[in-house]
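Peer 1: Listed below are the residues making up each chain.
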Amino acid sequence: MLKIENLHATVGDTEILKGLSLEIQAGEIHAIMGPNGAGKSTLAYALGGRPGYEVTAGSVSFNGTDLLDMDPHERAAAGMFLGFQYPVEIPGVSNLQFLRESLNSQRGERGEEALSGGEFIKLAKEKAALLKMDMDMLKRAVNVGFSGGEKKRNEMVQMGILDPTLAILDETDSGLDIDALRTVGSGINAIMRQPDKAVLLITHYQRLLDEVQPDYVHVLAGGRIVKTGGPELAQQLENEGYEAIAEAA
Amino acid sequence: MTLAQPLPTQKDEAWRYADLKAVETIWQAVDAPEPIIVDAGQSAQQLLVLESGDARMRQLHVVLEEGARMDLACLAFAPAYGRIEIDIDVASGAHFEMGGAIVGSGEQTLEIVTRVNHHAPDATSHQTVRSVLAEKATGSFLGKITIARDAQRIDAEQSVKSMLLDRGATANAKPELEIYADDVKCAHGATVGELDKQALFYMASRGLDPQAAKRLMLHAFVAEAFVDVAADTDGVEEQALAALEALL
Numbered sequence: 001m002l003k004i005e006n007l008h009a010t011v012g013d014t015e016i017l018k019g020l021s022l023e024i025q026a027g028e029i030h031a032i033m034g035p036n037g038a039g040k041s042t043l044a045y046a047l048g049g050r051p052g053y054e055v056t057a058g059s060v061s062f063n064g065t066d067l068l069d070m071d072p073h074e075r076a077a078a079g080m081f082l083g084f085q086y087p088v089e090i091p092g093v094s095n096l097q098f099l100r101e102s103l104n105s106q107r108g109e110r111g112e113e114a115l116s117g118g119e120f121i122k123l124a125k126e127k128a129a130l131l132k133m134d135m136d137m138l139k140r141a142v143n144v145g146f147s148g149g150e151k152k153r154n155e156m157v158q159m160g161i162l163d164p165t166l167a168i169l170d171e172t173d174s175g176l177d178i179d180a181l182r183t184v185g186s187g188i189n190a191i192m193r194q195p196d197k198a199v200l201l202i203t204h205y206q207r208l209l210d211e212v213q214p215d216y217v218h219v220l221a222g223g224r225i226v227k228t229g230g231p232e233l234a235q236q237l238e239n240e241g242y243e244a245i246a247e248a249a
Numbered sequence: 001m002t003l004a005q006p007l008p009t010q011k012d013e014a015w016r017y018a019d020l021k022a023v024e025t026i027w028q029a030v031d032a033p034e035p036i037i038v039d040a041g042q043s044a045q046q047l048l049v050l051e052s053g054d055a056r057m058r059q060l061h062v063v064l065e066e067g068a069r070m071d072l073a074c075l076a077f078a079p080a081y082g083r084i085e086i087d088i089d090v091a092s093g094a095h096f097e098m099g100g101a102i103v104g105s106g107e108q109t110l111e112i113v114t115r116v117n118h119h120a121p122d123a124t125s126h127q128t129v130r131s132v133l134a135e136k137a138t139g140s141f142l143g144k145i146t147i148a149r150d151a152q153r154i155d156a157e158q159s160v161k162s163m164l165l166d167r168g169a170t171a172n173a174k175p176e177l178e179i180y181a182d183d184v185k186c187a188h189g190a191t192v193g194e195l196d197k198q199a200l201f202y203m204a205s206r207g208l209d210p211q212a213a214k215r216l217m218l219h220a221f222v223a224e225a226f227v228d229v230a231a232d233t234d235g236v237e238e239q240a241l242a243a244l245e246a247l248l
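Protein sequences, first through last, are from chains A and B.
So for the first sequence, the UniProt record's numbering puts the first residue at 1; every next one is plus one.
So for the second sequence, the UniProt record's numbering puts the first residue at 1; every next one is plus one.
FYI, nobody ran anything at the bench for these hints, they're computed from the structure.
Bear in mind that the values here come from a model prediction, so they are computed numbers and not experimental data.
The reader is advised that the hints may include incorrect statements.
Chain A is faced by these chain B residues, among others (derived, beta-carbon under 10 Å) [what the hints assert, rightly or not]:
id, residue
1, 35
2, 198
3, 202
4, 209
5, 216
6, 219
Note that beta-carbon positions come from the ideal geometry of N, C-alpha and C, so glycine has one too.
So that you can see chain A by itself, here it is in the shape it has in the complex:
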């Protein structure tokens, strides 16, 4: 589904990703772990197409098409979802309006018909219930006045509504208490654990991986993947720390 080859990316004048390669098949959940500054968020933003994150070499293909050739909104329409570490507040724009326009913009890009107001509300209610989010929160302005945990929960509701084939989740677990972590974890499983979907979880900690079992765990250090293993690698990282493992690799 996603094939990253020898990806180099710079932010400003600094090269952050230095030849990262990774392949994800449909039905798989991959976790990327790594210390601060390893390039985890840069990977997420480069894949999302954020301005200022410049890919200088390498290729990324998404379901056979050149991802790097697409604008950010086209990547979303092609089925990619980027969950933000710090979801952005948009004053005056209600969650429901935002999501309905986003979904219909994606559907338009794919040549599908727009959802009616009624169809959309039904869908939104279903996904909000799955993530245990009050419908009133969906009527409020996007992320405005939300706590850190509520913002992350909102990201997952948005993911449920937009129904992507590939989710790249950048530290979705940070800022969550244990109950919220469980809810978000079971939300990811319910929405994304399917044979035709895939997830790239970017995280610091083992905790989320207890809820969402990855098929592969990668260690990112110095802008490259230095080690790949199964779920047991996450446990090893938790016990031994990044430094030991990055050095041994």
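Starting from the known structure of chain A, arrange chain B on it as the hints suggest.
Peer 2: This is chain B only, laid out in the frame that chain A set:
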């Protein structure tokens, strides 16, 4: 009745951002301020949208009697030079609510000038102005609030925000408070900014195309101006949104 007054100059505070050449072309033909008196205990609504043309100017003189309320929505987007100027006298227990929007592009110069005169105690006024300026447009809000010595327990508020879409655009915001009473609440805030790039990327990452994302943000921004105006502002908002559409 026309104004038998000398043409203003750049030295006049209230005219320092005006396009005086444009003003000159209409000065002799401008009507005297239109008086609006809201009787004690009554409320009134007023919508004011400048028409298109080379130069347009509208002046109101609003008198709010005891316990009266005026809700005013005004919009400047159409003329090359446009000026809305409002004088308000606020009596005891009265409330003045104003929402104003400026949407400009090209070389337009658009301004809203208000002078709120709190001459009596226990009254309130609330003004919200939102400007969106593109290309080389200039948008100005000059808002003066005067609170007389005996006008205690006044609550007067001004919120002014401007959004610049291009480097050549200019926003002027000039709040001016003249307060002689000692027991008053007077708040004013003014910001000038650009479209939030982070928010634009966030919206794009959800599938919104750049134009739709800009539209949503600008609509929300301008709509803020009219949120507290207790009048049917749908028509005014629609015109403001149509003007925004031309900037996308």
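Peer 1: Are the hints correct? Go through all of them and say.
Peer 2: A quick look at each hint next to the structure:
At its closest, the beta carbon of residue 35(B) sits 35 Å from a beta carbon of chain A; the interface hint therefore is violated under the 10 Å criterion. Proximity of residue 198(B) to chain A holds as hinted, the smallest CB-CB distance being about 5 Å (cut-off 10 Å). Nearest Cβ of chain A to the Cβ of residue 202(B): about 4 Å, under the 10 Å cut. The hint holds. At its closest, the beta carbon of residue 209(B) sits 5 Å from a beta carbon of chain A; the interface hint therefore holds under the 10 Å criterion.
Look at residue 216(B): its Cβ gets to within about 5 Å of chain A, closer than 10 Å, so that hint holds up. At about 8 Å, the closest approach between the beta carbon of residue 219(B) and any beta carbon in chain A falls short of 10 Å, and the interface hint on this residue holds.
Hint compliance for this structure: hint 1 is the single one not met.
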